[in-house]
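Peer 1: Sequence:
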Amino acid sequence: MLSAAHAANQPADTIYRNGYVYTVDARDSVQQALAVRGGRIVYVGDNDGAQAYAGKKTEVIDLRGRMLMPGLIDGHMHPQSGGSRLLNCSLDYASLTVAQFQSRIQACLDRDKKSGPERWMVVVNWFQQGMLPDGVETTAATLDALKTERPIIVRSSFGHSALLNSKGIRTAKIERDTPNPAGGVITRDAQGNATGLLEDAAQDLAMNLLPPLTVAENLAASKAALAAMRQQGVTSFLDAYTDPETMTAFTDLQKQGKLTARAHFAVLIDLDKGATPRSAVAELLKQQKQFDQGPTRVAPSLQVRHAKLFMDGVISAPAFTGAMIEPYLVNKGTADQPDWQPGPHNGPPSYFSPDTLRATLTELARARIDPHIHVDGDRAVRESLDAIADLRATPEGKRVRPALAHDEIVDPADYPRFAQLDVTPVLSFQWGKPAPDTVGALKDYMGPRRYALVEPQALLLNAGARIAYGSDWPVDPLDEWFALKVGVTRTAAPNAGKEYAGRLTDQPGMPRAEVLRAITINAAYTLRQEKDTGSLEVGKLADMIVLDRNFFTIPAEDIANIKVLQTVVGGKIVYESEGMR
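Residue numbers (my numbering): 1 to 581.
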């Protein structure tokens with residue numbers, strides 16, 4: 001700690017006092033005051049000690065007992081997609097009847113009077129699993145009933161499915177003999193005709209035909225994403241699947257001094273189109289050379305230090321693209337008298353074979369790039385852990401910080417391996433609640449033994465894993481505080497409906513302190529940023545937020561109602577609500 005005499009010679013720029021300063025240090029200590037100079041924290045302690053840092057130009061902020069904590073670090077999101085969807089025709093993640101689904105899209109078509117018959121209508125944030133009544137089918141015919149000559153694509157909020165109308169099917173040149181692409185499925189009816197639903201990589205048949213965002217649209221999407229993050233208290237993030245256009249937009253904002261969160265980017269490694277592990281990593285390094293701005297500094301900047309790999313899709317119906325150890329169950333009885341038995345498949349082959357995964361991880365380790373791997377089913381988890389175990393036995397593999405994102409179901413035998421191999425599960429806590437995609441059908445096709453294990457957040461924590469948080473926005477709305485509430489309670493929102501009351505399975509929630517560590521210091525670790533951010537300690541960057549209520553003392557359900565009053569990045573206030581002063 002700096003001496004009081006030394007502090008007096010160098011007054012702080014800002015002092016926060018009379019607060020509940022939750023530090024997230026090694027002891028989770030709570031202090032009263034904090035001082036900032038030059039964008040870094042120079043003092044954390046009591047009010048009396050902070051006084052020594054006060055000078056004539058020091059701004060003193062009276063917290064009046066409010067909670068000050070580290071800024072949120074979102075370890076897995078898709079900001080450009082989230083930002084652009086704020087500007088798009090959106091179904092707002094709502095549970096809709098077919099009539100409501102059609103009405104919402106028709107309203108968008110009616111508002112867009114400028115577009116001609118060949119321009120795609122892109123619809124986003126479709127909560128496919130929440131369509132009403134439960135299990136109702138949506139096909140091209142559902143969209144063909146709309147009054148338009150335009151091709152339509154409706155994108156599932158999960159990101160793993162898309163629905164086309166008949167014009168869209170024709171525009172994408174999907175015919176009876178069109179083969180399923182690697183890692184994707186063209187859903188077909190009994191006659192072999194495409195229904196309009198595309199799963200995983202099959203979406204590219206249509207997505208690749210959409211006009212790319214213009215430079216102005218990309219910039220608008222980045223601005224919208226950052227504005228949403230500031231209000232939520234997000235001070236650092238990982239874009240978990242980026243592209244050069246996105247990084248260009250964020251670079252432009254950084255040059256203009258308008259980057260208000262520390263930006264980290266994961267470049268996709270995809271071997272489907274003939275790339276080898278070596279050539280794919282070489283392409284990543286080329287993008288790193290173009291966009292990475294070097295070591296973390298006070299002002300927010302860009303870093304390109306991660307690779308994104310997909311091992312599978314999602315376990316939710318109707319996709320069933322999550323890679324499972326045992327088969328999905330199918331009903332061999334009737335609707336009235338169901339008989340759920342093992343079905344013919346356990347998901348697709350993993351998107352990386354064991355050999356290509358090992359070779360890719362080896363190349364990444366040599367390049368000092370950390371892998372961020374999408375794993376949803378338990379087989380995808382196991383195969384990834386197996387490959388990482390082999391990687392750890394190599395000299396270059398010892399320093400890697402692998403992350404496995406999602407982990408919606410993990411075989412219990414693999415729980416302790418996360419700690420043993422120092423692999424961080426990056427989890428979206430908001431999924432661990434009763435909802436259309438986690439009750440009902442999921443319980444049936446997983447069976448009771450596996451269903452009891454879904455969303456194993458506390459189970460992994462109790463096995464010693466370092467849990468980090470990632471919102472996966474825009475798979476869900478960007479609502480970090482609701483997600484943290486679910487992490488503690490495993491309950492849905494009060495207005496979700498009687499069928500979604502209570503907790504998801506018998507698993508416990510996570511302790512409040514662990515939930516906050518997941519979205520601060522643990523997420524910072526996955527970004528190799530823990531020496532600079534993630535806790536409020538002397539020498540660290542002043543990335544922090546002021547809350548309107550105390551996360552630890554309010555009822556657990558009230559955590560969802562927390563509002564951020566002030567967001568600070570590198571000592572600079574980037575967001576402040578009217579209730580702060």
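Quick caveat, the hints were computed from the structure, so don't treat them as lab data.
No residue lacks a Cβ here, since even glycine has one placed at the ideal position from N, Cα and C.
Take the hints with a grain of salt, since some may be wrong.
With a cut-off of at most 27 Å between alpha-carbon atoms, the simulated BS3-like pairs for lysine-lysine come out as follows [as the list claims (entries may be wrong)]:
#1 Lys273 / Lys258
#2 Lys498 / Lys531
#3 Lys167 / Lys332
#4 Lys223 / Lys563
#5 Lys289 / Lys167
#6 Lys398 / Lys443
#7 Lys147 / Lys114
#8 Lys57 / Lys223
#9 Lys114 / Lys255
#10 Lys443 / Lys255
#11 Lys167 / Lys114
#12 Lys167 / Lys113
#13 Lys255 / Lys56
#14 Lys113 / Lys57
#15 Lys167 / Lys286
#16 Lys173 / Lys286
#17 Lys286 / Lys255
#18 Lys572 / Lys223
#19 Lys563 / Lys258
#20 Lys57 / Lys398
#21 Lys56 / Lys572
#22 Lys258 / Lys286
#23 Lys258 / Lys498
Ranges between beta-carbon positions, derived for each pair [stated by the list, open to error]:
#24 Asp506 / Thr248: 43 to 51 Å
#25 Ala216 / Ala141: 32 to 40 Å
#26 Asp62 / Pro412: 31 to 39 Å
#27 Glu576 / Thr178: 38 to 46 Å
#28 Gly274 / Arg119: 40 to 48 Å
#29 Arg176 / Arg503: 43 to 51 Å
Peer 1: Now look at each hint and say whether the structure bears it out.
Peer 2: Right, here's what the structure says about each hint:
With a CA separation close to 36 Å, the supplied pair Lys273 and Lys258 exceeds the 27 Å bound. For the suggested pair Lys498 and Lys531, the alpha carbons sit about 45 Å apart, so the restraint of at most 27 Å is broken. Distance check on the hinted pair: Lys167 and Lys332 sit about 36 Å apart at the alpha-carbon level, beyond 27 Å; violated. Taking the CA atoms of Lys223 and Lys563, the gap is about 21 Å. The hint holds against a cut of 27 Å.
At most 27 Å may separate the alpha-carbon atoms for a hinted pair to count; Lys289 and Lys167 exceed this at roughly 42 Å. The suggested pairing of Lys398 with Lys443 is violated, with an alpha-carbon distance near 39 Å, which exceeds 27 Å. Using a Cα cut-off of 27 Å, the hinted pair Lys147 and Lys114 holds, with the two alpha carbons roughly 15 Å apart. A C-alpha spacing of about 32 Å is found between Lys57 and Lys223, which places the hinted pair above 27 Å, so the restraint is violated.
Distance restraint check for Lys114 and Lys255: the Cα-Cα separation of roughly 34 Å exceeds the 27 Å cut-off, and the hinted pair is therefore not satisfied. Under the criterion of a C-alpha separation no larger than 27 Å, the hint pairing Lys443 with Lys255 is inconsistent with the structure, at around 50 Å. Our distance criterion of 27 Å between C-alpha atoms is met by Lys167 and Lys114, whose separation comes to about 19 Å. Only pairs whose Cα atoms come within 27 Å are accepted, and Lys167 paired with Lys113 is accepted, the gap being roughly 18 Å.
For the hint pairing Lys255 with Lys56, the CA-to-CA distance comes to about 32 Å; that exceeds 27 Å, so the pair is violated. Between Lys113 and Lys57, the direct Cα distance comes to roughly 56 Å. Violation of the 27 Å bound is thereby established for this hinted pair. For the given pair, Lys167 sits about 39 Å from Lys286 by alpha-carbon distance, which is inconsistent with the 27 Å threshold. Using a Cα cut-off of 27 Å, the hinted pair Lys173 and Lys286 is violated, with the two alpha carbons roughly 34 Å apart.
With a C-alpha separation of about 21 Å, the suggested pair Lys286 and Lys255 falls inside the 27 Å cut-off, and the hint holds. Of the pairs offered as hints, the one joining Lys572 and Lys223 holds, with about 18 Å between alpha carbons and a cut-off of 27 Å not exceeded. Using a Cα cut-off of 27 Å, the hinted pair Lys563 and Lys258 holds, with the two alpha carbons roughly 23 Å apart. Of the pairs offered as hints, the one joining Lys57 and Lys398 is violated, with about 48 Å between alpha carbons and a cut-off of 27 Å exceeded.
For the hint pairing Lys56 with Lys572, the CA-to-CA distance comes to about 19 Å; that is within 27 Å, so the pair holds. For the hint pairing Lys258 with Lys286, the CA-to-CA distance comes to about 25 Å; that is within 27 Å, so the pair holds. Taking the CA atoms of Lys258 and Lys498, the gap is near 44 Å; set against the 27 Å cutoff, the hint is violated. Under the hint 43 to 51 Å, the C-beta atoms of Asp506 and Thr248, about 48 Å apart, fit the expected range.
For the pair Ala216 and Ala141, the supplied restraint of 32 to 40 Å holds, since their beta-carbon distance comes to about 36 Å. Roughly 50 Å separates the CB atoms of Asp62 and Pro412, a value that falls outside the hinted 31 to 39 Å. At about 54 Å, the beta-carbon gap between Glu576 and Thr178 misses the expected band of 38 to 46 Å. Checked against the hint of 40 to 48 Å, the C-beta distance between Gly274 and Arg119 comes to roughly 31 Å, which is inconsistent with it.
Range check, Arg176 to Arg503: about 47 Å between beta-carbon atoms, so the 43 to 51 Å window is met.
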